[in-house]
Amino acid sequence: MTTGFFSSVDDVAERLAATGYLASPAVATTVFLADRLGKPLLVEGPAGVGKTELAKAVTEVTGADLVRLQCYEGVDESRALYEWNHAKQLLRITAGRGESWDETRTDIFGEEFLLPRPLLTAIRSERPTVLLIDETDKADVEVEGLLLEVLGDFQITVPELGTITAVRRPFTVLTSNASRELSEALRRRCLFLHIGFPEEELERRIVTLKVPGLDTALATSVVRVVGALRAMDLRKVPSVSETIDWARTLLALGADRLDEQVVRETLGVLLKHQEDIVKAAAKLDLEAV
Amino acid sequence: MAPATEPAGAVARLTGLVAALRDHGFGIGTGETVDAGRALEAVGFTDRERVREALAATLLHSELQRPVFDRVFDLYFPLGRADAPDEAYGNTPAALAALRERLAEALTAGDGAALDRLAAEAVAGFGGFGSTPGSDGWSSYQTLSRLRPETLLARVRERLRTAPGPEDPEFTERLLDDEIRRRIEAFRERVRTEARRRVAERQGRDRVARRAVAGTADSVDFLLAGRAQLDELRRTVRPLARKLATRLAARRRRAARGEIDLRRTLRRSLSTGGVPVRPVLRRRPPRRPELVLLCDVSGSVAGFAQFTMLLVQALHDQFSRVRVFAFVNRVDEVTGLIARGAADPAGLGDRILAEAELTGWHGQSDYGTALGEFADRYAEALGPRSVVFVLGDARTNGADPNLAALRRIAGRARRVHWLNPEQPSLWGTGDSVAPAYAELVEMRPCRNARQLGALIGRLLPV
Chain B
1 MTTGFFSSVD DVAERLAATG YLASPAVATT VFLADRLGKP LLVEGPAGVG
51 KTELAKAVTE VTGADLVRLQ CYEGVDESRA LYEWNHAKQL LRITAGRGES
101 WDETRTDIFG EEFLLPRPLL TAIRSERPTV LLIDETDKAD VEVEGLLLEV
151 LGDFQITVPE LGTITAVRRP FTVLTSNASR ELSEALRRRC LFLHIGFPEE
201 ELERRIVTLK VPGLDTALAT SVVRVVGALR AMDLRKVPSV SETIDWARTL
251 LALGADRLDE QVVRETLGVL LKHQEDIVKA AAKLDLEAV
Chain L
290 MAPATEPAGA VARLTGLVAA LRDHGFGIGT GETVDAGRAL EAVGFTDRER
340 VREALAATLL HSELQRPVFD RVFDLYFPLG RADAPDEAYG NTPAALAALR
390 ERLAEALTAG DGAALDRLAA EAVAGFGGFG STPGSDGWSS YQTLSRLRPE
440 TLLARVRERL RTAPGPEDPE FTERLLDDEI RRRIEAFRER VRTEARRRVA
490 ERQGRDRVAR RAVAGTADSV DFLLAGRAQL DELRRTVRPL ARKLATRLAA
540 RRRRAARGEI DLRRTLRRSL STGGVPVRPV LRRRPPRRPE LVLLCDVSGS
590 VAGFAQFTML LVQALHDQFS RVRVFAFVNR VDEVTGLIAR GAADPAGLGD
640 RILAEAELTG WHGQSDYGTA LGEFADRYAE ALGPRSVVFV LGDARTNGAD
690 PNLAALRRIA GRARRVHWLN PEQPSLWGTG DSVAPAYAEL VEMRPCRNAR
740 QLGALIGRLL PV
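These protein sequences, in sequence, are chains B and L. Sequential numbering from 1 applies to the first sequence in our numbering. Sequential numbering from 290 applies to the second sequence in our numbering.
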């Protein structure tokens, strides 16, 4: 069962590029497979490399609806799947005086009183849908059990209503920063994609695309410096979003080329720990920061 | 973008690949193999990198597995034979110089396809040894020591500087050397891959896949790990620490719920007419253990000790206090060095050896003397809440094991665990006094990062 959004790997790459998401061959291939095999896609990687952006870009090129479940510690069934609208049920019971209990009971557990949450919404939707389960690693382990049924067969069982199966399989993306190890069972249900830092060439294209007006030579230098920083052993190496921030900063400062002073003053845009800044400054031969 | 392979035989290749990966401890089910087959069908065979990504997406479950996967993949789906060199290289100085020249050219341009081709030519021309079938083979070591790509650095730098192009702002010039070094290292890896592929052709792929491909970083034996592997291992410290921290926090959360608090339960029951609908549980005050690490940092086990120190350092907020002691045959406290070492883990071992006083008149480890000194000088570090981890192989080089000292340590601390990087079958052989120590404190084998993570998660008190 496919979601039927794309016709080939090249198709993925071209259409994503048109929205401003430049996909590496790995990303394009895996997105195509997730679409073709109809399997959820688990995307891991450091913060700021475009995991969530990927889901948004797919949504945009396919004209689908985006349904997003943001995970956090303590997210539970009633936040992820569905909830009964108790207030409305109570109203219904009070309003319907004089009828038998059996009638009321069958009535209050109907569609009208069901509050669908992201997972149920995505499963029931008849329109093409992208389901984004963001930061899956932040959720408790119990939620993974919940996801297993949903992602394995794309169906949800509501005891009072029976099993609801997807009419159209949503294109599903799970993201994770790997702050907690996801269970093996969940991983088995998904295709796995690790988005790391892009190749120099690709990153330069991304920067040029996202920061129009930046001089080409400067973009090249920016990417080279970031590449050098990533090769250092830092607590937090800069990711793509920080490269873009830095490029924007340089543009705003009106710097047309990198020199010692500019780099020294703006290193804080790239690095978020003082000890990293000190270390990078030493390695880059900057005078004391 | 060379064609990968013809579809015929693809199934055999796929199952061979899966079997080889399973031999490396990858849990791959039949369902995933079927998915991999469907994925191959979907992407086709025209683009080798797509084939690689398709298989990685369906067969892998974590990024840690990727390096092993890539090496195994290169064996089962090698670059097509069309890439083999046309002209055979004579093993002459002139040929070598010519090849080095072209390599410098390709490194300057950063041309991946050319570098692939050159790696193939280099192994073919300079990597072969032996002449009789059975004793001949291909060696990346030999290729690289003849070719010496690292000596091309100056040449490539010169060319890049004079190359016409967008005028180079001077600031990035200082990055040039490191960039070239990384390119050269990538080329060396290409040569290794090519040599493995040729050996695989000769000896049978399955055998090479099992033997010549190193395992994932966290399964590398501490005692056998080389420098590069230890570096790779060091990068897994932080993720491992994060994983352990969540596990410990969850355990602590569960354990914090104690017995029923009668007073507060009755108080709350007033609102429900005296019926205790919701019992209140007494919460235990959070109390984190104190950790004392006692590490043998002499040659053979230094890698193990360093890795563990870094892990403990990364976990420091899980403990109320961490103290680290290092010894060879004398003990010294290195807690301060570790804290400062967070920024430069690679130099940690050297700094400990340089700044702490760890050796007496000889450089061999002596557990008896070290334990005795620790029990005498640092007894205040031990108390009813401290947990001691001793790291070492318990090889005393023939000296007195001083069991009394260990007994004293065990008597003062809450728990003592000994982690031994040797396999249990070696305990007690030669100069190892492991069995004697194991009678006093719990001794466990701890041979790789995976085991270490599991042990620390399990052994620490909540």
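Honestly, I wouldn't trust all of these hints.
As the list claims (entries may be wrong) - Computed footprint of chain L on chain B, listed as stretches where at least three residues anywhere in the stretch have a Cβ under 8 angstroms from a Cβ of chain L:
id	region
1	69-75
2	191-198
As the list claims (entries may be wrong) - A few chain B positions that, by computed beta-carbon distances, are all more than 10 angstroms from chain L:
id	residue
3	V9
4	T19
5	G227
Calculated directly from the structure, the hints in this document are not laboratory data. All of these numbers come straight from a predicted model, not from anything done at the bench. Just so you know, even glycine gets a beta-carbon here, dropped at the ideal spot from N, CA and C.
Quiz item: Hint by hint, which ones does the structure fall short of?
Solution: Hint check: 1, 3, 5 fail, others pass.
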